[in-house]
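Going line by line, the protein sequences match chains A and B. Residue numbers for the first sequence, in my numbering: 1 to 115. Residue numbers for the second sequence, in my numbering: 1 to 112.
Be careful, since some hints might not be right.
[As the list claims (entries may be wrong)] Residues from chain A that face chain B, not an exhaustive set, calculated with beta carbons under 7 Å: (1) 14; (2) 28; (3) 56; (4) 94; (5) 106; (6) 107.
[What the hints assert, rightly or not] Footprint (simulated), chain A over chain B, 3 or more residues, beta carbon under 8 Å: (7) 40-48; (8) 88-97; (9) 100-112.
[Said to hold, decoys possible] Away from chain B, derived, C-beta distances all over 10 Å, residues of chain A: (10) 15; (11) 20; (12) 33; (13) 50; (14) 75; (15) 104; (16) 108.
Rather than coming from a laboratory, the hints here were simulated on the basis of the structure. Model, not experiment: these values are computed from the prediction. Positions of the beta carbon are idealized from the N, C-alpha and C atoms, including for glycine.
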Amino acid sequence: ETGVTQTPRHLVMGMTNKKSLKCEQHLGHNAMYWYKQSAKKPLELMFVYNFKEQTENNSVPSRFSPECPNSSHLFLHLHTLQPEDSALYLCASSQVGSGGAREQFFGPGTRLTVL
Amino acid sequence: DAKTTQPPSMDCAEGRAANLPCNHSTISGNEYVYWYRQIHSQGPQYIIHGLKNNETNEMASLIITEDRKSSTLILPHATLRDTAVYYCIVVLASSNTGKLIFGQGTTLQVKP
Chain A
1 ETGVTQTPRH
11 LVMGMTNKKS
21 LKCEQHLGHN
31 AMYWYKQSAK
41 KPLELMFVYN
51 FKEQTENNSV
61 PSRFSPECPN
71 SSHLFLHLHT
81 LQPEDSALYL
91 CASSQVGSGG
101 AREQFFGPGT
111 RLTVL
Chain B
1 DAKTTQPPSM
11 DCAEGRAANL
21 PCNHSTISGN
31 EYVYWYRQIH
41 SQGPQYIIHG
51 LKNNETNEMA
61 SLIITEDRKS
71 STLILPHATL
81 RDTAVYYCIV
91 VLASSNTGKL
101 IFGQGTTLQV
111 KP
């Protein structure tokens with residue numbers, strides 16, 4: 001498997017459910033990102049992880065809980081979501097170093113529907 | 001990060017060059033210009049980036065004006081598969097997060 005993979009590709013959940021989105025990168029990168037894309041809106045950065053440490057939380061509600069156990073895996077744990085959280089959730093990775101950051105590689109996304 | 005301004009939509013005939021403009025008049029000297037595109041319902045794809053010199057790769061060319069206040073992405077021979085939303089993003093060169101701030105982008109429609 002190459003690049004950035006995300007599972008599941010589609011998810012339908014009720015407001016009381018708990019689910020998790022998984023992202024895996026096979027590029028040897030040290031930074032990973034979660035973005036949210038709602039219908040007809042630009043991508044919004046949610047979280048940034050650099051060397052497994054969270055370096056950015058873009059005022060995301062606590063019902064979204066990220067986890068980065070190692071530099072290759074990133075999870076987004078979902079709990080008591082609202083219908084307005086329905087969106088395409090995208091994961092990305094890049095290599096960040098003393099010279100700055102390189103381009104980001106994106107996964108195919110998880111299409112989430114909250115009923 | 002500096003903001004960018006792009007036209008919301010453009011059309012291009014198949015086989016012709018597509019020239020997508022971007023205004024970044026408040027860019028600072030240590031900020032790169034990056035271009036990504038997003039084909040419908042897929043993840044964005046990196047295209048090209050530059051600091052002040054023009055750049056070319058197998059996908060596109062990037063022309064940056066001498067004052068760096070604007071740039072143009074050129075797809076030399078557009079195909080139907082180039083129909084997508086194109087994003088111009090300014091990124092701090094020394095960024096330790098590499099975070100991207102996306103705008104609305106330009107929706108390019110390539111027509112047969």
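Against the structure, the hints come out as follows:
no.	hint	in the structure
1	14	23 Å, violated
2	28	15 Å, violated
3	56	6 Å, holds
4	94	5 Å, holds
5	106	3 Å, holds
6	107	5 Å, holds
7	40-48	holds (count 6)
8	88-97	holds (count 7)
9	100-112	holds (count 6)
10	15	24 Å, holds
11	20	19 Å, holds
12	33	7 Å, violated
13	50	6 Å, violated
14	75	17 Å, holds
15	104	6 Å, violated
16	108	5 Å, violated
Consistency note: the structure conflicts with the earlier hints numbered 1, 2, 12, 13, 15, 16.
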